[in-house]
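K.L.:
Here's the letter readout for the chains.
Protein chains: 2
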Amino acid sequence: MKKLINAVPDVVKEQLEGMAAAHSDVLKVHFEPDFVYRADAPVAGKVAIISGGGSGHEPMHGGFVGMGMLDAACPGAVFTSPTPDQMYEAAKAVNSGAGVLFLVKNYTGDVLNFEMAADMAAAEGIPVQNILIDDDVAVKDSLYTAGRRGVGTTVLVEKIVGAAAEAGYNLEQCADLARKANSYGRSMGMALSSCTVPAAGKPIFELGEDEMEFGIGIHGEPGQKRMKLVPADEITEMMALEIINDKAYTRTVRELEDGQWVDKSLTDEPFKRGDKVIAFVNSMGGTPVSELYAVYRKLAQVCADNGIEIVRNLIGPYITSLEMAGMSITLLKADDEILRFWDAPVKTPGLRWGI
Amino acid sequence: MKKLINAVPDVVKEQLEGMAAAHSDVLKVHFEPDFVYRADAPVAGKVAIISGGGSGHEPMHGGFVGMGMLDAACPGAVFTSPTPDQMYEAAKAVNSGAGVLFLVKNYTGDVLNFEMAADMAAAEGIPVQNILIDDDVAVKDSLYTAGRRGVGTTVLVEKIVGAAAEAGYNLEQCADLARKANSYGRSMGMALSSCTVPAAGKPIFELGEDEMEFGIGIHGEPGQKRMKLVPADEITEMMALEIINDKAYTRTVRELEDGQWVDKSLTDEPFKRGDKVIAFVNSMGGTPVSELYAVYRKLAQVCADNGIEIVRNLIGPYITSLEMAGMSITLLKADDEILRFWDAPVKTPGLRWGI
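Residue numbers (this note's numbering), protein chains in the order written: chain A, 228 to 582; chain B, 228 to 582.
I should point out that these hints are in silico values taken from the structure, not numbers from a laboratory. Check before you lean on any hint, since a few could be wrong.
[What the hints assert, rightly or not] Pairs of lysine-lysine, PhoX-like flavour, derived with a Cα cap of 20 Å:
#1 B:Lys429 x A:Lys429
#2 B:Lys319 x B:Lys255
#3 B:Lys367 x B:Lys474
#4 A:Lys229 x B:Lys499
#5 B:Lys474 x B:Lys255
#6 B:Lys429 x B:Lys474
#7 B:Lys491 x B:Lys367
#8 A:Lys455 x B:Lys229
#9 A:Lys474 x A:Lys407
#10 A:Lys367 x A:Lys474
#11 B:Lys491 x B:Lys407
#12 B:Lys574 x A:Lys229
#13 A:Lys503 x A:Lys491
#14 A:Lys474 x A:Lys229
#15 B:Lys474 x A:Lys452
#16 B:Lys229 x B:Lys491
#17 B:Lys474 x B:Lys455
#18 B:Lys407 x B:Lys499
#19 B:Lys319 x A:Lys574
#20 A:Lys455 x A:Lys474
#21 A:Lys455 x B:Lys455
[As the list claims (entries may be wrong)] Which stretches of chain A does chain B cover? Using the computed rule of at least three CB atoms under 8 Å from a CB of chain B, they are:
#22 464-474
#23 493-503
#24 560-570
[Stated by the list, open to error] Examples of chain B residues toward chain A, derived with CB under 8 Å:
#25 Val235
#26 Val489
#27 Ser492
#28 Thr494
#29 Pro497
#30 Val516
#31 Ser517
#32 Thr547
#33 Leu549
#34 Arg579
#35 Trp580
These figures come from a predicted structure and were not determined experimentally. Note that the Cβ used here is the ideal one computed from N, Cα and C, for glycine as well.
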C-alpha cells in the first residue's frame, strides 16, 4: 500500500487535523465524536445543513463545509458510515433554532444511523428532517444499498440547498428543494482501477490490464458489467445515454412527518428534450482533470444530440474513491430556483466562487 | 495504458476542445497553433501574462487562463515544450498594446522557445519580457534543465502577477514582481508512482512496491534519491527542511533589456525565522486531497517549529504529472505586495475566488 499516511488508525484524524489547520477561517473540527463544522456556527436564524458518510470521498463532505454549503459534515472511518452520535452532536453544535436538514446518501448504514441521529435530535427538541440522495442509475440494489446509491448528485444538492438555507429558506422549504434536486439528478460511474482502503492494505477489487468496471459505486461496489476498456468517447456516450434515457424511477423513502417516520412513494421523472441541466464530470480520484475534459467534450455532444442543454458545469475531483482511477457523470435538471442557488456565492475548501 | 482517451495523437486537442466547451464564459481555444486565451482578450490597457509548457500538468497552465491570472497559455504535446509560434501567436492575440510578460518554467526547451517567441514578438513591435521560474531545490541540473527546475512556484507567480496586471501594473512592474515572487519561492516534490505519457504507452520509470522517489521533477525526472517509503510525517519533514534550510541560490538568467538579451546574476535569499509564507501542498495527480491534508498538518508543525508563519495556503492538484501519485510542497515568502495580489479576485477554471 503506497499512501502518504502515518499509522493506519490515525488516517482520518490526521486528515481532519490538516483541514482544521489549513482552513481555520472557514471551519473547525470537533473530535470524539468527529465532525467538521462552520467556524461561525450556529448562524443565527439559518437552517443548518448537515451531511456525512464514510471517509475516502474527499473533498466530500468535510471540504464542503462553509458559507453557502454545509454547516457540518460527519466523517466515518474510510468507506464506513458515521455513527449516530456524530450527527447528533453536530446537529446540537450548529442548530441555531431554525432546525437541521440531514442530507443522506442512500447506503443502508448511513440511512439507519442518520435516522437514529434524527430521533435523538428530535428528542432534544431540534426540528429535523432527513432527505435521501439516491441518484445512481447503474444498479438497483447493490452491495451496501437497497435501491439506487447516492453518488454525484449529493455534491450538487449540498451546494444548492446550502445556498437556499443561506438565503433564508426554512426547514420545510430546504427539505422540499433537496427532495426536488435529488429527483432531478442522475449519475453513473466507471473505474479504470481499484483503490486501497488503508485498514485493508490491499486493493478492494482487481481489474485486468485491459478491463474497466462500468457502473461502479463510490466504494468499488460492482457495477453493471466488467468490460474491455474502450475509447473515452464510447464510454462517455454509453454512460450519458444510460442517464438521459433512464425511465421514471419510483421508490419508497422514510421521512419524518410531524415527528413520525412515514413511508413516502417518490418518483424521479425522466429527462426530456428541452431540459436544461447542470453537467458534473467527476474524477474518482486518480483520473486527472485533463481526461475529464475529454469526457466533457463528448458529453456535451451527446447532450446536444439528445436535446439536453448544459447550462452549467462542474469538472474535477469532488466525490472521489480514494485514489481510484475513473470518473462519473451527473446530470441534474436545472430550473430557475436551482440555478439561482447554484450560482450563489460559496466559500468552502472544496468549492468556492463569488466570495 | 489505462486512460480516458481516444486516439493518442488527439489527446491534447480533445482536452482543449473540452475546456473550450466547458468554459466559454472565461476562455477560448485557438488551434494550429494551439493556445488558450481569455474570452475577453485583449483587455484594454492591461499587460498580458502568458505562460505555457508541456501538457500533462493540468490544470496548469490552460486552467489558469481567466480574469486575474493568465491571458493565454500555450500547451505543448504531453511533457514537451510548446513551439515559438504558439507563444508568438498568443502574444499577438492578447496584447492590448501594454505588452506581454512570458512566465517561463526553467526547462531548456521552454527557455529557448520562449526566447525565440519573444524575439518574434519584439520584431512585431510588441513590448515583451521573459521571466524565468526556477524554484525546485531538489537538484541543480537535471534531465531537461540547466539549473533549478520550474515547479510549484509557477502557479503562485501566475496568480500573483496576474492580479498585478489586472490592477494596472505596467510591463516593467509585472516583470519585477514576477522576478521577486520567483526568488521568494522554493519547492520540492516526491513520487509514490510513475505516470504514463500516452504517446509512449508505458510508465516513464519504475518504482518498487516499497519505494518512493524523493525530489522528483514534474516529468518524472530523477530526484535526489530513491528510497524506501516512510511515513508521511517523515517525508513531509524532510521536504520542508530541504526548503526551509536551503541556502542562497545564485544563477545567471537571460532577460531582455532595451531589446537585447543580457545575462543577469540573480540570487534567491534563504528563508529566515519570522518569514510569512504562502504554503502550497500540491498533488502530482494520483494522490487524493485527503492525503495532502495529512501532509499539510505536519508541514504546519515544521514551519512553526522553524519560525516560519503560514499566512495563506493552497492545497490540491494544481501542477500535476498526469496520474502520478505523489506531492510537492512550495513555500513562498509573502510580503504585503504579494499578499495583496494573492488575495485579489481570480476567475479561472482551475483557481477561483472573490468573483
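K.L.:
Each hint: holds or not?
P.N.:
Evaluated hints:
1. Of the pairs offered as hints, the one joining Lys429 (chain B) and Lys429 (chain A) is violated, with about 23 Å between alpha carbons and a cut-off of 20 Å exceeded.
2. Distance restraint check for Lys319 (chain B) and Lys255 (chain B): the Cα-Cα separation of roughly 15 Å lies within the 20 Å cut-off, and the hinted pair is therefore satisfied.
3. A threshold of 20 Å between alpha carbons decides the hint, and for Lys367 (chain B) with Lys474 (chain B) the separation of about 13 Å falls inside it, so the pair holds.
4. With a C-alpha separation of about 34 Å, the suggested pair Lys229 (chain A) and Lys499 (chain B) falls outside the 20 Å cut-off, and the hint is violated.
5. In summary, the hint linking Lys474 (chain B) to Lys255 (chain B) is not supported, as the alpha carbons are separated by about 42 Å, beyond the 20 Å threshold.
6. This hinted pair does not check out: Lys429 (chain B) and Lys474 (chain B) have alpha carbons roughly 38 Å apart, beyond 20 Å.
7. Restraint check for Lys491 (chain B) and Lys367 (chain B): the C-alpha separation of about 18 Å stays at or below 20 Å, so the hint holds.
8. For the given pair, Lys455 (chain A) sits about 11 Å from Lys229 (chain B) by alpha-carbon distance, which is consistent with the 20 Å threshold.
9. A distance of roughly 17 Å separates the Cα atoms of Lys474 (chain A) and Lys407 (chain A); the hinted pair therefore holds under the 20 Å criterion.
10. Under the criterion of a C-alpha separation no larger than 20 Å, the hint pairing Lys367 (chain A) with Lys474 (chain A) is consistent with the structure, at around 13 Å.
11. For the hint linking Lys491 (chain B) to Lys407 (chain B), the alpha-carbon distance of about 14 Å falls within 20 Å, and the restraint holds.
12. Restraint check: the Cα-Cα separation between Lys574 (chain B) and Lys229 (chain A) comes to about 35 Å, which exceeds 20 Å; the hinted pair is violated.
13. Simply put, Lys503 (chain A) and Lys491 (chain A) have alpha-carbon atoms about 28 Å apart, too far for the 20 Å limit, and the pair is violated.
14. The suggested pairing of Lys474 (chain A) with Lys229 (chain A) is violated, with an alpha-carbon distance near 42 Å, which exceeds 20 Å.
15. Between Lys474 (chain B) and Lys452 (chain A), the direct Cα distance comes to roughly 56 Å. Violation of the 20 Å bound is thereby established for this hinted pair.
16. Note on Lys229 (chain B) and Lys491 (chain B): the hinted pairing is violated, with a Cα-Cα distance of about 45 Å set against a maximum of 20 Å.
17. For the hint linking Lys474 (chain B) to Lys455 (chain B), the alpha-carbon distance of about 27 Å lies beyond 20 Å, and the restraint is violated.
18. With a CA separation close to 16 Å, the supplied pair Lys407 (chain B) and Lys499 (chain B) stays within the 20 Å bound.
19. Restraint check for Lys319 (chain B) and Lys574 (chain A): not satisfied, since their Cα atoms lie roughly 36 Å apart, outside the 20 Å limit.
20. A hinted pair counts as satisfied when its Cα atoms are at most 20 Å apart, and Lys455 (chain A) with Lys474 (chain A) does not qualify at roughly 27 Å.
21. Simply put, Lys455 (chain A) and Lys455 (chain B) have alpha-carbon atoms about 35 Å apart, too far for the 20 Å limit, and the pair is violated.
22. A count of 0 residues in the stretch 464-474 of chain A with a Cβ less than 8 Å from any Cβ of chain B is obtained; the coverage claim is therefore unmet, three being the minimum.
23. Note: the stretch 493-503 of chain A has 0 residues with beta-carbon separation from chain B under 8 Å; the three-residue rule is not met and the coverage is violated.
24. With 0 residues having a beta carbon nearer than 8 Å to a beta carbon of chain B, the stretch 560-570 of chain A misses the requirement of three or more and the stated coverage is violated.
25. At its closest, the beta carbon of Val235 (chain B) sits 11 Å from a beta carbon of chain A; the interface hint therefore is violated under the 8 Å criterion.
26. Hint status for Val489 (chain B): violated, given a least beta-carbon distance of 37 Å to chain A, over 8 Å.
27. Evaluation of the Ser492 (chain B) hint against chain A yields a violated restraint, the C-beta minimum of about 37 Å exceeding 8 Å.
28. Nearest Cβ of chain A to the Cβ of Thr494 (chain B): about 31 Å, over the 8 Å cut. The hint is violated.
29. The criterion of a C-beta within 8 Å of any C-beta in chain A is not met by Pro497 (chain B), whose closest approach is roughly 25 Å, and the hint is violated.
30. Interface restraint check for Val516 (chain B): the shortest CB-CB distance to chain A comes to about 5 Å, inside 8 Å, so the restraint holds.
31. Hint status for Ser517 (chain B) relative to chain A: holds, with the closest Cβ pair at about 4 Å, below 8 Å.
32. Annotation: interface hint on Thr547 (chain B) holds; nearest CB of chain A at approximately 6 Å, less than 8 Å.
33. At about 6 Å, the closest approach between the beta carbon of Leu549 (chain B) and any beta carbon in chain A falls short of 8 Å, and the interface hint on this residue holds.
34. The interface hint given for Arg579 (chain B) is met, as the beta carbon of that residue sits about 5 Å from the closest beta carbon of chain A, less than 8 Å.
35. Taking 8 Å as the C-beta contact cut-off toward chain A, the hint placing Trp580 (chain B) at the interface holds, the least distance being around 5 Å.
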